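Enquirer: Residue numbers (this note's numbering), protein chains in the order written: chain Z, 1 to 494; chain Y, 1001 to 1325; chain S, 2001 to 2330.
If you're looking for bench data, these hints aren't it; they were derived computationally from the structure.
Just so you know, not all the hints are guaranteed correct.
[Claimed, not checked] The list that follows gives simulated cross-link-like pairs (lysine-lysine, BS3-like), each with its CA atoms no further than 27 Å apart:
(1) S:K2183 to Z:K110
(2) Z:K122 to S:K2183
(3) Z:K392 to S:K2119
(4) S:K2186 to Z:K162
(5) Y:K1188 to Z:K372
(6) Z:K328 to Y:K1121
(7) Y:K1188 to Z:K369
(8) Z:K115 to S:K2186
(9) Z:K347 to S:K2119
(10) S:K2186 to Z:K124
(11) S:K2186 to Z:K128
(12) Z:K305 to Y:K1121
(13) Z:K122 to S:K2186
(14) Z:K364 to Y:K1188
(15) S:K2119 to Z:K49
It should be emphasised that the depicted structure is a prediction, and the values quoted were computed from it without experimental measurement.
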Amino acid sequence: MINYILKIEGISKRFFANKVLDDINLKIKKGEVHAVVGENGAGKSTLMKIIGGIYTSSEGKIIFDGCEVKFTRPQEAINSGISIVHQELSLAPKLNVAQNIFSHREPVNKLGFIKWTELRYKTKQILKHIGIDIDPSTLVADLSVGMQQIVEIAKALSQNAKIIIFDEPTSALSGKEVNLLYRVINDLKSKGVTIIFISHKLTEVFKISDKMSVLRDGKLIGTRKTKETSIEEIIKMMVGRDLGNLYPDKSSHIGEKIFSVKGFSRKAEFEGIEFDLYKGEILGFAGLVGSGRTEVARSIFGAEKPEFGEVILEGKKVEINSPRDAIKNGICYLTEDRKSWGLFLEKTVWQNIIAASISKFVNKRGFLKNGKIKERAKHFIDYLNIKPADDKVLILNLSGGNQQRTLLAQWLSAEPKILIVDEPTRGVDVGAKAEIHKHLRKLVESGVGVIIISSELPEIIGLSDRIAVFNEGKITGILEKDATQEEIMKYATL
Amino acid sequence: MNSSSGYLSRLKEILGTREIGLLLVIFVASILLSIFSENFLTFSNLTSVAIGMNYDVLLALGMTLVLLLGGIDLSVGSILGLTGIITTMLLQAGVSILFAVILGLLSGTFLGFINGIFIAKFRINPFIVTLGMMAIARGLSVVLTLGYFVSKLPEGYLIIGQGKFLGIPNPIYVMILFVILFDYLLRKWGPLYKAFYIGTNPDAAELSGINVSLILLAGYVITGFLSGLAAIFMTSRLAMGYAQFGVGAELKAICAAIIGGASMGGGEGSIIGTFLGVMLLAIINNGFVLLNLSIYWQGVVNGLILVIAITVDAIRRARKGESRA
Amino acid sequence: MSLNEKFRTITKVNNLGLLTTIVLIIIGMAIFFPRFLLPINIEILGMGFVQEAIMALGMTLIIISAGIDLSIAGTMAFSAIMVGIFLNNNFGIAVSILLALLLSTLVGFVNAQMINHLKVHPFICTLATLTTLKGINLVITKGETVAGFPPAFYFFGQGRVFGIPFPIFLFAVMAIVFTYLLKNHKYFQQVYFIGGNIDSARYSGINIDRFIIFIYVLNSILAGIAGIITASQYISANTGFGIGIELRVITAVIIGGVSLSGGKGNIGGTILGILFLAIINNLFVHTGAPTYWQEVVYGSMLLIAVFLEEYIGVKREGTGALKRWREVML
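My request is simple: use the sequences and hints to build the entire structure.
Expert: If you want it as structure tokens, here you go:
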């Protein structure tokens, strides 16, 4: 009789009209380390949040330790023994380690006053359990991000969790801390704790998981025993089709150099970044999350100044101190977080499209030329197939794919010479994805230089003519278009 | 974009707007008032209401701009007070009218500039900054005058606020002029139009190449200028400078702006709406006077109107699916 | 560890700089104004700021929760007026005070519910309450002063306990209790989560709405107590009580190291902030500087304090002086 600690049957989740999870069926054994992988927007986080009681499912049931459960609040899940270690840490920075680990569950006397000695003792126990030596009275704000994550894990442990869910556990950890985490996970496993974790890092998943499940567009594609599958098979399941069909043909000819970055450095973020960009090519930035690619891009764009380094555009050195300067020089950056940094959610589609190029739509005295604006907006709505085309709809009501198309239109409207796109197809359906890729390729063919940053290796490999691999703030290698995933991962994790 | 539905749908669109709604409420209130008080519809009453609106409109215009940018300015009333004091004291000291007016406007602009520097350059919370400025400006007004009126102002100065052109008092022209000007500029002039983006998502605006610092600074500078202008009209109309001028004016300005469609979260605002908001409040207060209702209730009513305004605002935002807590 | 950190771990006082400044000012004052250290002056110093001090205790919690309460001036006057009216109607001292405090509770409750349900920044909600209260006060008193307080009532503002004026004694007791509670009670500790990381607070199942009600009600009760004390001090009550007091209270709290963005600060720091401003207040008395300079000084103090706190404090913590714009907006 197999002991399944968690059975997920027919779980679906809808947000208004948007179905984000569709009929998920999963069985997890006690003491198993189970990874959930998938592209961005595949539904992994949503599924975890349903298991953890943060969301309720629209359909289906969850059977935990033999009983059917329906959590309406996170506290219920925690009390039953399911804890989530979130990607965004849930610690109070100005309280110390002990207070955070036992937050809301501190040992108290009858009047509610915290018994500090007991709290300290219990904290030390838990930390010893994991093999960490931190003074319980250290303020969380004074810890490194990696250590903060360890505290977060200790918190889950202290809740006597039977299942611990990790959401991208190593995204913020350094090498040493990652190994520590692996050790902790193995340790927990030997004690019978079940681990479910979401990760983008396939090599890591293969290293520590027993089984992995692949989600794509809200559906469960399949579950495999880690030992019995390969990275290629998993990628194929994640992406859904052969790489060949998904990506447009690469460049037939590469022109002259149009853009160079030399000696870019910023303390603790990136160092000695140097690369060239040629006309007609797409240069990919590959690397693990946190390896510095976005930071470099933002610095080139002027959002944050580097400490050293220079940017050379079309043979001339350019001084970029703000996004304004960058855009004026024709360097544009499409942000990785479209909702927070890219779009104006409470505004309409065309208002978003012109946001970065308003200066192109004003006359000499600065007054808006409404006719020209409408014309340009319409042009992009047609060209990029943005739906719905209704002018009155606010962008926040559009699907992820249409939002991303609008963001792309925003930057195309600025007529860039160099366009850096950061995670351009994050949270976008497969159809829109292919379209965006096609448009990027069209863009380079018209003479624009494109740099693509992506955490999805298949996308980088499928789209780039050359690939610069980042590792902890440095470029460790610039590979040709026929590089394999293994090669890239090698350079990314050296 | 459907150009084929043409005029009818455009008309329906316009009729459904907030501004029309406000106009309707004002219309109804006016009718009721003219029924209950024979003095409401007289030329002298209406002009006195309109003149009284002048100061509030100028302050509310600035407030709308600042709210649009996602901030707030609590010091408008105090800047009005201080600027009035500075101008009138200069006049009393024998400075020419032209210079006194220019220096007065400049001081208002300068005080707004200080607000703007703290908020836009040092990135400090707007309501604390303007709360501090409110105290400093009001305090300085009292320090300079020790509570005494500043009077005996030259005739030439009084014309500004008391003069008439074609039978209509000057302040009314100025008010209408600024409303039309600001409404047009806000909707059609690039630099001010960007304010909508800044209030909606300042980080994204920065990344879109919009000069957020500059426009934020400009917003507070303009507001300071408008407060100074309002002070000139008030002091010339009432023929004196007084440290307590403008007390409580910021509240009315916020109220009017919100009633007119500005959102506390930034990114929304309508000059015409604000203007109608001021008009509504002015008519209600006029009603208090005409109907001999206890003026003590005015404060309560104004407070309740603010509560209603933010509740309506909240419902509107909830319906649109926002969640900015 | 830097000197600051060492000092902090020993004494758990976060404000080495502030403490030093206060000590220096005290020494300076003692030299220039020999009467500064006399008990009678210390009493004047205390009584000149005791209402602000009491309200600052509650405001500390409010600001740590990333909120603010502008209605305290209105509540203070309201409670003073109401207690006067009840006394005039022979309700008896205990009942009158109880009713006045009950009404204050109501104000805090309204504040909290507006914040919880209208999803509007506490600043605007409490501003609305303040306006309404000011109006109500005016309606009730018709601009006149309420008088007719029985002699037994004088105790609260003018009486003594163990030789110390009652208000100061009350404040001292409250300060100790609040300090202890905030540091050691499980319920009060929640405020750091609500202010510091509201998502985590939500995920861990705290009833945020109820806690907000708790702190705003508490704050309004403190304002009510301040009002009663003031009424007892002046043996009268009118709408002028407490005008502009929120400026001084907020300044004291911010000087004491509580950050406007929430999640940080403690009562000890606020007490230092109170002490600092009380001394400044006393300075006015000694130098004979006219009181109308006070608003200017307090306004400037607020700007300086918040500038130091937000700009330099953030820089020291390494996140750079440039916040994301979103954090700067209302």
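Enquirer: Now tell me if each hint is right for this structure.
Expert: Now the hints, each set against the structure:
1. S:K2183 to Z:K110: holds, 17 Å
2. Z:K122 to S:K2183: holds, 19 Å
3. Z:K392 to S:K2119: Given that 27 Å is the threshold and the Cα spacing comes to 25 Å, the pair holds.
4. S:K2186 to Z:K162: Given that 27 Å is the threshold and the Cα spacing comes to 26 Å, the pair holds.
5. Y:K1188 to Z:K372: Status holds; Cα separation ~13 Å.
6. Z:K328 to Y:K1121: Roughly 23 Å separates the two Cα atoms, so the pair holds.
7. Y:K1188 to Z:K369: holds, 8 Å
8. Z:K115 to S:K2186: holds, 10 Å
9. Z:K347 to S:K2119: At roughly 20 Å apart (the allowed maximum being 27 Å), K2119 (chain S) and K347 (chain Z) satisfy the hint.
10. S:K2186 to Z:K124: Since the Cα atoms of K2186 (chain S) and K124 (chain Z) sit roughly 19 Å apart, the hinted pair holds (cutoff 27 Å).
11. S:K2186 to Z:K128: At roughly 24 Å apart (the allowed maximum being 27 Å), K128 (chain Z) and K2186 (chain S) satisfy the hint.
12. Z:K305 to Y:K1121: holds, 17 Å
13. Z:K122 to S:K2186: Distance of about 16 Å is within 27 Å: holds.
14. Z:K364 to Y:K1188: holds, 13 Å
15. S:K2119 to Z:K49: holds, 24 Å
Going through the hint list in order, the structure satisfies each hint without exception.
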